[in-house]
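S.K.: Here's the letter readout for the chains.
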Amino acid sequence: MHNLIIQFWPSVIDGTTTGAIYALMALGYTLVYGVLRLINFAHSEVFMVGTFASLFTLHALGITHAPGGIAAIGVFILITLAAMAASGLVAVGVERVAYRPLRKRNSTSLANLISAIGMSFFLQEVFALRYGRDLIPFPRVLQKNVLFHIGTGVVRSDKLLVVVGALVMMFILDRFVNGTRLGRGIRAVAQDPSTAMLMGVNIDRVITLTFLLGGIMAGAAAMLYGTFYEVTQYNIGFVIGIKGFTAAVLGGIGNIRGALIGGFALGLIETFGGAIFHAQWVDVVAFSVLVLVLLVRPTGILGENLQRARA
Amino acid sequence: MLLEVKDLRVYYGKIEALRGISLQVDAGEIVCLIGANGAGKTTTLKTISGLRKVSHGSVTFKGGDITSMPGHQRVTLGLCQSPEGRGIFPGMTVMENLEMGAYSRKKKESEIIAADFERVFGLFPRLSERRKQVAGTMSGGEQQMIAIGRALMAAPDLLLLDEPSMGLAPKLVTQIFEIIREINSQGTTVLLVEQNATQALSVSNRAYVLETGEITRSAPASELLNDDFIRVAYLGE
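Chains as they are written, first to last, in numbering that gives the first Met the number 0: chain C, 0 to 310; chain R, 0 to 236.
Don't read these hints as lab results, they were simulated from the structure.
Virtual Cβ for every residue (Gly too), placed ideally from N, Cα, C.
Careful, some of the hints might be misleading.
Unchecked claim - If the Cβ cut is set under 7 Å, some of the chain C residues that face chain R in the computed set are:
| hint | residue |
| --- | --- |
| 1 | N111 |
| 2 | I135 |
| 3 | P192 |
| 4 | S193 |
| 5 | T194 |
| 6 | M196 |
| 7 | L197 |
| 8 | G199 |
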């Protein structure tokens, strides 16, 4: 108990930081589930490719230590764009190669699942064969300065960057989906695909757009992850992917705001779980949450999206 | 001739849902398709809209063959369907639903689109009052108004209506049919599918009778209204 009191604020800060990354990942699962009713299990590799893209950009720029001032901002913009572009393209590619041909043949969801697993292994092995199976370090991009304290907790610049960066991306996504014509198209397909088609919505194009958006969010998560943890690996997406999926289920799969809540909730739950039991129990706590949610409230915190009450 | 359907055959698996249907709709008409449940009325409309694959036959719209054109492109050509069971987007507001109707229209048309919103709100003052309400929380009659209004927002030359009176109170049914007549008098051609044959025939110019996937009668609506066989079979007399 004493431990928990000391650990309270640090846990809040760390839980929010990891939660922000989970939330960004959860968005990818939830968006795709919303329009296609399928879990894109290759999404973890979409993330992995994003980490490599920002790493290679850092190498190409010759960054070996944290740049300062305006240069730092320029570097961040570049690695963010590189990660988003790479992840976005891979996500769209996965849809084209692994899902679209099956969809045109009206395949079962089991076939989609197998296709996703195949895609996942393929991407992992490509990176493993090319770049090895060991952890690959990132150069430091951001000086990890202590900015301020909350209670006993220390807020460092990199943690603040992760949380703020993730919130900005979520805000942009929310505005896009709820405030633009294309976003309305996505929601229409999620709510009623046949009627959406009757209104002139090109469903294939909406699906591509949805994968692209999910990929961009995973790319942002990948850049933030690389900056924060400073490593990557061919299978780096595995655990993050499952956590993102857990967060999506926890919040209510198919529900964008649910993904955000689920992400932060999972980050906090597992960090507090780690503080109460032991840091090694973090994943046990996280996956116990997944099992519990599936048992007790399979529709998640916010429940099935009200937009699809009739789906 | 605005729409011509020739010898249309459509299968659901091995079941032949449409067994060679032919029909025509001329510009300015209201044409209705009546028939019992399962006769193939909805399938006919869905096939014309591009939601069902055609095994045989053709659909011609404005003189062009659209038999294998993807459904979403047919909307741009001027063909829009209001689906059965109201088929609104339940999680969107009234305004967003109507905007979905104008989804495939160009930005530069914005002034005409604004005028079309006014037209729809003129036909359905109720929707004007409730622009911001989430459509899924509205009554059956209001949802039907949204579905029809939304299809009109596509500015179609041919409006396909699938069971617009289904599940509505008698007073509302009369109102909906008055509005259909009004829409037609404003220049939109209407192809209507209905189980409520009396009301449908009374607003239509011509009608087709559909039985188990085949057209068995084709005549002016007034003639069918006074036909003894039709009165017994479809008008419940």
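S.K.: For each hint, tell me whether it holds in the structure or not.
M.R.: Each hint tested on the structure:
1. N111: Constraint on C:N111 not satisfied, violated at 22 Å.
2. I135: violated (43 Å)
3. P192: violated (10 Å)
4. S193: holds (6 Å)
5. T194: Since the shortest Cβ distance to chain R is 4 Å, the answer is holds.
6. M196: holds (5 Å)
7. L197: holds (5 Å)
8. G199: holds (3 Å)
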